[in-house]
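Asks: Chains as they are written, first to last, in this note's numbering: chain A, 1 to 398; chain B, 1 to 281; chain C, 1 to 448.
The set of hints was computed from the structure by calculation and includes no laboratory data.
Be aware that one or more of the hints could be misleading.
[What the hints assert, rightly or not] With a cut-off of at most 25 Å between alpha-carbon atoms, the simulated SDA-like pairs for lysine to any residue come out as follows:
id, chain 1, residue 1, chain 2, residue 2
1, B, K52, B, L86
2, C, K7, A, G43
3, C, K145, A, I161
4, B, K123, A, R272
5, C, K289, A, G349
6, C, K7, B, N89
7, A, K140, C, K327
8, C, K337, A, R31
9, C, K165, A, T240
10, A, K140, C, A269
11, B, K123, A, P164
12, A, K34, C, G332
13, A, K291, C, S174
14, C, K7, A, D203
15, B, K129, A, S298
16, C, K337, A, T39
17, C, K337, A, I50
18, C, K154, A, P164
19, B, K156, B, F132
20, A, K291, B, Q122
21, A, K291, B, T213
22, C, K327, A, F26
23, A, K32, C, A269
24, C, K145, A, P164
25, B, K129, A, R272
26, B, K173, A, A269
27, C, K327, A, T240
28, C, K324, A, G43
29, A, K140, C, S266
30, A, K291, B, R147
31, C, K53, C, K7
32, C, K7, A, S198
Please read all numbers here as calculations on a predicted model, not as lab measurements.
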Amino acid sequence: MQASSLQNCNVMNGDGNATEGRSSAFVVSARKRKLQQITRTAGESTLFLIAAFVAVIVLFIFYFVARDAVPFFEIRGFREFFTDTRWYPADEPPVFGALSIIYGSLMVTVGSALIAIPMGVAAAICLSDVLPFSVRQYVKPVIEMLAAIPSVAFGFFALVIFAPMLQNHGGSILMWSWWIMATPLILLMIVVGAELVSSRIEDDRRRKVAQRVLLVVMGALALLILILVGFRLRSIEIMTGTNALNVSIILSFMALPTIVSVAEDALQAVGRDLREGSYALGATRAETIIKTILPAASSGILAGVILGIMRALGETMVVWMASGNSAHIPEPWYNYLDSVRTLTATIAGDMGEADQVTGSARFHVLFAMGLLLLVISFVSNFISERIVVRQRKILSGQ
Amino acid sequence: MTASAEATASKTVSVRDIYLPPERKKVAGGGVPHVSAKNFSIYYGEFEAVKKVSADIPSKYVTAIIGPSGCGKSTFLRSINRMNDLIPNSHTTGSLMFDGQDVYSKFTDEVLLRKKIGMVFQKPNPFPKSIFDNIAYGPRLHGIRDRKTLADIVEKSLRKAALWDEVCDRLDKNALGMSGGQQQRLCFARTLAVEPEILLLDEPTSALDPRATAKIEDLIQELRGSYTIMIVTHNMQQASRVSDNTMFFYEGTLVEFAPTAQLFTNPKNSMTEDYITGRFS
Amino acid sequence: MNLGTRKLLDRSFTALGISSIVIMGLMLLVVLVPIVSNGIGAIVFKSTIEHRKMLYHEFNRGDKADLQREIASSDASRKEIYRMLDTFDAELSKMDETRQQEYREKFEQVKNSLRALLGPIPGDEEPALARLKYGQTRWEKAEEKLHELLFEKKWDYSNPDEMAKEYEVSRSASFEGTSLVRLFPYVEKNIDRLLQPEWTFYWGFITDSSVDAHFFGGIWPEIQGTLFLAVGAMLFAFPLGVIGAIYFTEYARDGFLTSLLRSANSTLAGVPSIVFGLFGLTFFINTLKVSESKSVLAGSLTLAIMILPTIIRSSEEAILAVPKTYKEASLGLGSTKWNTIIKVILPAALPGILTGGVLSLGRAAGETAPIIFTAAVSVGSAIGLADVLSSPTPALSWNIYNLASEHEAAAEIRHVQYGMVLALMTIVTLLNMSAIVLRARISKKLKG
Numbered sequence: 001m002q003a004s005s006l007q008n009c010n011v012m013n014g015d016g017n018a019t020e021g022r023s024s025a026f027v028v029s030a031r032k033r034k035l036q037q038i039t040r041t042a043g044e045s046t047l048f049l050i051a052a053f054v055a056v057i058v059l060f061i062f063y064f065v066a067r068d069a070v071p072f073f074e075i076r077g078f079r080e081f082f083t084d085t086r087w088y089p090a091d092e093p094p095v096f097g098a099l100s101i102i103y104g105s106l107m108v109t110v111g112s113a114l115i116a117i118p119m120g121v122a123a124a125i126c127l128s129d130v131l132p133f134s135v136r137q138y139v140k141p142v143i144e145m146l147a148a149i150p151s152v153a154f155g156f157f158a159l160v161i162f163a164p165m166l167q168n169h170g171g172s173i174l175m176w177s178w179w180i181m182a183t184p185l186i187l188l189m190i191v192v193g194a195e196l197v198s199s200r201i202e203d204d205r206r207r208k209v210a211q212r213v214l215l216v217v218m219g220a221l222a223l224l225i226l227i228l229v230g231f232r233l234r235s236i237e238i239m240t241g242t243n244a245l246n247v248s249i250i251l252s253f254m255a256l257p258t259i260v261s262v263a264e265d266a267l268q269a270v271g272r273d274l275r276e277g278s279y280a281l282g283a284t285r286a287e288t289i290i291k292t293i294l295p296a297a298s299s300g301i302l303a304g305v306i307l308g309i310m311r312a313l314g315e316t317m318v319v320w321m322a323s324g325n326s327a328h329i330p331e332p333w334y335n336y337l338d339s340v341r342t343l344t345a346t347i348a349g350d351m352g353e354a355d356q357v358t359g360s361a362r363f364h365v366l367f368a369m370g371l372l373l374l375v376i377s378f379v380s381n382f383i384s385e386r387i388v389v390r391q392r393k394i395l396s397g398q
Numbered sequence: 001m002t003a004s005a006e007a008t009a010s011k012t013v014s015v016r017d018i019y020l021p022p023e024r025k026k027v028a029g030g031g032v033p034h035v036s037a038k039n040f041s042i043y044y045g046e047f048e049a050v051k052k053v054s055a056d057i058p059s060k061y062v063t064a065i066i067g068p069s070g071c072g073k074s075t076f077l078r079s080i081n082r083m084n085d086l087i088p089n090s091h092t093t094g095s096l097m098f099d100g101q102d103v104y105s106k107f108t109d110e111v112l113l114r115k116k117i118g119m120v121f122q123k124p125n126p127f128p129k130s131i132f133d134n135i136a137y138g139p140r141l142h143g144i145r146d147r148k149t150l151a152d153i154v155e156k157s158l159r160k161a162a163l164w165d166e167v168c169d170r171l172d173k174n175a176l177g178m179s180g181g182q183q184q185r186l187c188f189a190r191t192l193a194v195e196p197e198i199l200l201l202d203e204p205t206s207a208l209d210p211r212a213t214a215k216i217e218d219l220i221q222e223l224r225g226s227y228t229i230m231i232v233t234h235n236m237q238q239a240s241r242v243s244d245n246t247m248f249f250y251e252g253t254l255v256e257f258a259p260t261a262q263l264f265t266n267p268k269n270s271m272t273e274d275y276i277t278g279r280f281s
Numbered sequence: 001m002n003l004g005t006r007k008l009l010d011r012s013f014t015a016l017g018i019s020s021i022v023i024m025g026l027m028l029l030v031v032l033v034p035i036v037s038n039g040i041g042a043i044v045f046k047s048t049i050e051h052r053k054m055l056y057h058e059f060n061r062g063d064k065a066d067l068q069r070e071i072a073s074s075d076a077s078r079k080e081i082y083r084m085l086d087t088f089d090a091e092l093s094k095m096d097e098t099r100q101q102e103y104r105e106k107f108e109q110v111k112n113s114l115r116a117l118l119g120p121i122p123g124d125e126e127p128a129l130a131r132l133k134y135g136q137t138r139w140e141k142a143e144e145k146l147h148e149l150l151f152e153k154k155w156d157y158s159n160p161d162e163m164a165k166e167y168e169v170s171r172s173a174s175f176e177g178t179s180l181v182r183l184f185p186y187v188e189k190n191i192d193r194l195l196q197p198e199w200t201f202y203w204g205f206i207t208d209s210s211v212d213a214h215f216f217g218g219i220w221p222e223i224q225g226t227l228f229l230a231v232g233a234m235l236f237a238f239p240l241g242v243i244g245a246i247y248f249t250e251y252a253r254d255g256f257l258t259s260l261l262r263s264a265n266s267t268l269a270g271v272p273s274i275v276f277g278l279f280g281l282t283f284f285i286n287t288l289k290v291s292e293s294k295s296v297l298a299g300s301l302t303l304a305i306m307i308l309p310t311i312i313r314s315s316e317e318a319i320l321a322v323p324k325t326y327k328e329a330s331l332g333l334g335s336t337k338w339n340t341i342i343k344v345i346l347p348a349a350l351p352g353i354l355t356g357g358v359l360s361l362g363r364a365a366g367e368t369a370p371i372i373f374t375a376a377v378s379v380g381s382a383i384g385l386a387d388v389l390s391s392p393t394p395a396l397s398w399n400i401y402n403l404a405s406e407h408e409a410a411a412e413i414r415h416v417q418y419g420m421v422l423a424l425m426t427i428v429t430l431l432n433m434s435a436i437v438l439r440a441r442i443s444k445k446l447k448g
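Isolated chain A, as found in the complex (with noise of 0.2 Å):
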């Protein structure tokens, strides 16, 4: 307290004057200290209070869409919300049977998660340990582009744009976006397992004449099922371009950004040392990225996993414009070229026709819906808090 107060009173004289043997100029009196102490306790009050905002608007929107989605839970219950796949809100007698929508809301999450994760840690990775800086310089503009496009442009591009093309040319789609991505993959699969496979043999020759006939054989097995699996994808025709396929590729470039940065962060917090410890050690860049680097960031970029996900989740726009909207779980329940709805979508949608004035359950359960969305945020952000905090700790060596 004495040392922070020194700071507060105004020092005069010189340290020369203080020596003179009478009483300094830096003792104020005790009024006027008291004074001083009282304004400085209110003004840090003040700006507490400022701060504490934030929580008081936290427990606010808590508070204000539970209570709204508490009538709901008090009209029905909780069983047909969570367990009832039929959603006809506007039929006498309703059913408000949200599991559809809740499936539909995983759906399009894990779809868009599926996409974003493998994609937005390899682009981490290039970013913090592969790309000199001089291109990193001009990759960053392109994720903070694409970050800063708003999320209705999105959806408007998903709904004008890519269901169009999905719907009239959808197979081919598929079939190139398989070739493309699985040649490079079965390939280095194919080489690897040929060189693992024959690492066996210990005769020099004979292993490399081993290599080469797995790799003949091999080599011959990929290429059918490619071909294969690419007609089996032309054939397939997609009925609605608004579809779980469409949002889930566009929820996924949306959620990437806040993936890649966040991953970043994490990964550059690794630090130098170990990444030297492990080149001295004569590994290659991969085998330190595999083993050391991505071990020791795991926790940060799974936090930043989660952050990126719950944007997927919590994102109203580009599903209610391309989704279709319709409140089935699709048939078979992995077909993502079916319509689905979503939590948000819902909730945009259906509070024009909900019946406000009356207090209606129609009403409330769009709010029980907001609630259920604000609780899983809530989880998420925690544990992605405690993730965070834990990385801290392990790399500090505690």
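Here the structure of chain A is known, so what remains is to put chains B and C in place on it, guided by the hints.
Replies: Structure of chains B and C alone, referenced to chain A:
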């Protein structure tokens, strides 16, 4: 002053000029140079960090590298196992030979090179893994999968690093839980586990307390004779304690390279004398 | 694994990373290119005489004498068409019952196509909707309509196992043997004279209000609404955010309370945007009753809450980036803590703080979900500054959704939708770029 430094540098300091303690003559294999630099320069972009160094580093001896901060001693050390490749825009001229082969040739595989030339860094940098996994990291990279063999290697390396007795009962614990000195010895053990021929030590004790430093110095004494060791240090007492020969760098130039005893007692170059008597640092 | 395999894996690993970045770049291009190219088409396009008529009548723009000359020359060619229609009408009444019925329907189709292409036929009642008063104002649309006039669309249901296929039948073939058959080649041949297309730079797209639910006119009310909402949100969020950041960086002691506040901040940042909308509806409108129903004020408040965590975080970073020595020097000279913050720390952190603020402004401008229930209406004119407390407003983001998904003729006004998307993205991009410029400018100035 600079002119005289350059004059010294341009002349190759050969291993034959260097004092070889008689009891080491047989281990040294007659003092065949293990690493030899000829007009070797390292550039960061335009900046020449190491200037036309020529020197032969004898096999199985401890060579200390001293000099003021920023004199290029670390850069020179890190160029031997090509760790400088990690720094963008760096390139080299002249030649650096290891075991008679050019380190910077097009055909050099830095992975194999680094397997033969191990390195211990200034700050202990164990991986955030268990002690066992830390030491098994290198052998696993180079294709050893068998658990029994790995366990043998781990024990042998830890024993060499004088760490076995302290950690043998907690090999599965996270390495970051150890003390700084133990961590640094773990890094030694980790490096020894890939069976290198040369150990590069980049100020290995600068982050440690005196007691841990003493242990590391003991360790270097233990390893002396089995490995070619090059140690960069700020601490001249340390250099005189642990090394057989000493190189003095100043502003990127190799000023003097001589047997340690000679360099510290009777330096040929006036700059060396100024430095070791503490007139600048 | 031998060394060769390890190297191969290393290289393919690198390739994997690079390819994912390339895919991201390509995706950005795939999204941006059609939006930019089509969006520009909302402003720069080949307009027809109908566009000039519309501008003259609805916005009183253009030269009357010029327009009349153009109309005269166009009407000269149109007269011939209407004469043909009259001739055929007379011919039709002379036919026997069954043929008359068969042709009557087709004739109506032809007349409707002509109305869509050229506007009302003389003798029609004056239509109420502006979209029916004029023919096609845009040349590429006119070409589409011309095609519809020349060819009739039909569906082939012959194969019951598959979806029906579309095919086209030439209309002149179906009027074979009547006088109307001359009409089609005539229109096709004289279409240039009928519509008089010329390249136009239509600035009004940005500054005009819309006419008849965006069939004609511009998007000014939406742009203005977006700006009102975003700036309004900033007015609330910026001071609060900066003060909060000052507290967190300079006053907060490490402890339970501070970490609680911090996690409240990150929780708020993670709340889905649609939930903000729900909260705005139930809190600001239904509970606090800041306005009767939707209003710019309610929307701004909701957006303010949404961008608050971002502003706090970026301001915090900016303040933390100020070198400690500045602060120590100021305190060492006997300045009070508060004075140090105001006179030394904040000015030094200003570029960072402003950059964060401008970026948040962009985010507020682009967001849709929070304003659906609190501020946005689909149709409306620009509101005055005095009305922001009580009136809702159209906004770019909401109207993009509305025009693309809920407009009764969404496919007819694609150019407006593209134009709006481009306008929104331009606003957001301009804000982002000005943030960068601002940062560079101010930090240069501070360095002296």
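Asks: Hint by hint, say whether it matches the structure.
Replies: A quick look at each hint next to the structure:
About 21 Å separates the Cα atoms of K52 (chain B) and L86 (chain B), which keeps this hinted pair within 25 Å; it holds. At most 25 Å may separate the alpha-carbon atoms for a hinted pair to count; K7 (chain C) and G43 (chain A) exceed this at roughly 63 Å. Simply put, K145 (chain C) and I161 (chain A) have alpha-carbon atoms about 22 Å apart, close enough for the 25 Å limit, and the pair holds. In summary, the hint linking K123 (chain B) to R272 (chain A) is supported, as the alpha carbons are separated by about 11 Å, within the 25 Å threshold.
Restraint check for K289 (chain C) and G349 (chain A): satisfied, since their Cα atoms lie roughly 23 Å apart, inside the 25 Å limit. Proposed proximity of K7 (chain C) and N89 (chain B) is supported: the alpha carbons are some 23 Å apart, at most 25 Å. Under the criterion of a C-alpha separation no larger than 25 Å, the hint pairing K140 (chain A) with K327 (chain C) is inconsistent with the structure, at around 32 Å. This hinted pair checks out: K337 (chain C) and R31 (chain A) have alpha carbons roughly 20 Å apart, not beyond 25 Å.
Restraint check for K165 (chain C) and T240 (chain A): satisfied, since their Cα atoms lie roughly 16 Å apart, inside the 25 Å limit. In summary, the hint linking K140 (chain A) to A269 (chain C) is supported, as the alpha carbons are separated by about 22 Å, within the 25 Å threshold. Between K123 (chain B) and P164 (chain A) the alpha-carbon distance is near 58 Å, which puts this suggested pair outside the 25 Å criterion. For a cut-off of 25 Å, the pair hint linking K34 (chain A) to G332 (chain C) stands: about 22 Å separates their Cα positions.
The straight-line distance between the Cα atoms of K291 (chain A) and S174 (chain C) is roughly 75 Å, outside the 25 Å bound, and the hint therefore fails. The straight-line distance between the Cα atoms of K7 (chain C) and D203 (chain A) is roughly 22 Å, inside the 25 Å bound, and the hint therefore holds. For the proposed pair K129 (chain B) and S298 (chain A), the alpha carbon gap of about 13 Å is at most 25 Å, so the pair holds. At roughly 12 Å between alpha-carbon atoms, K337 (chain C) and T39 (chain A) fall within 25 Å of each other, so this suggested pair holds.
The suggested pairing of K337 (chain C) with I50 (chain A) holds, with an alpha-carbon distance near 18 Å, which does not exceed 25 Å. Proposed proximity of K154 (chain C) and P164 (chain A) is supported: the alpha carbons are some 21 Å apart, at most 25 Å. Only pairs whose Cα atoms come within 25 Å are accepted, and K156 (chain B) paired with F132 (chain B) is accepted, the gap being roughly 12 Å. For the hint pairing K291 (chain A) with Q122 (chain B), the CA-to-CA distance comes to about 22 Å; that is within 25 Å, so the pair holds.
Between the alpha carbons of K291 (chain A) and T213 (chain B) the distance comes to roughly 30 Å, so the proposed pair goes past 25 Å and is violated. With a C-alpha separation of about 21 Å, the suggested pairing of K327 (chain C) with F26 (chain A) holds against the 25 Å cut-off. Pair hint K32 (chain A) plus A269 (chain C) does not hold up; C-alpha atoms about 43 Å apart against a cutoff of 25 Å. A C-alpha spacing of about 21 Å is found between K145 (chain C) and P164 (chain A), which places the hinted pair at or below 25 Å, so the restraint holds.
With a C-alpha separation of about 17 Å, the suggested pair K129 (chain B) and R272 (chain A) falls inside the 25 Å cut-off, and the hint holds. In summary, the hint linking K173 (chain B) to A269 (chain A) is supported, as the alpha carbons are separated by about 23 Å, within the 25 Å threshold. Restraint check for K327 (chain C) and T240 (chain A): not satisfied, since their Cα atoms lie roughly 62 Å apart, outside the 25 Å limit. The suggested pairing of K324 (chain C) with G43 (chain A) holds, with an alpha-carbon distance near 23 Å, which does not exceed 25 Å.
Simply put, K140 (chain A) and S266 (chain C) have alpha-carbon atoms about 24 Å apart, close enough for the 25 Å limit, and the pair holds. Distance hint between K291 (chain A) and R147 (chain B) is fulfilled; the C-alpha atoms sit about 18 Å from each other, no more than 25 Å. Note on K53 (chain C) and K7 (chain C): the hinted pairing is violated, with a Cα-Cα distance of about 70 Å set against a maximum of 25 Å. The suggested pairing of K7 (chain C) with S198 (chain A) holds, with an alpha-carbon distance near 17 Å, which does not exceed 25 Å.
Comparing the model with each earlier hint shows violations of hints 2, 7, 11, 13, 21, 23, 27, 31; every other hint is respected.
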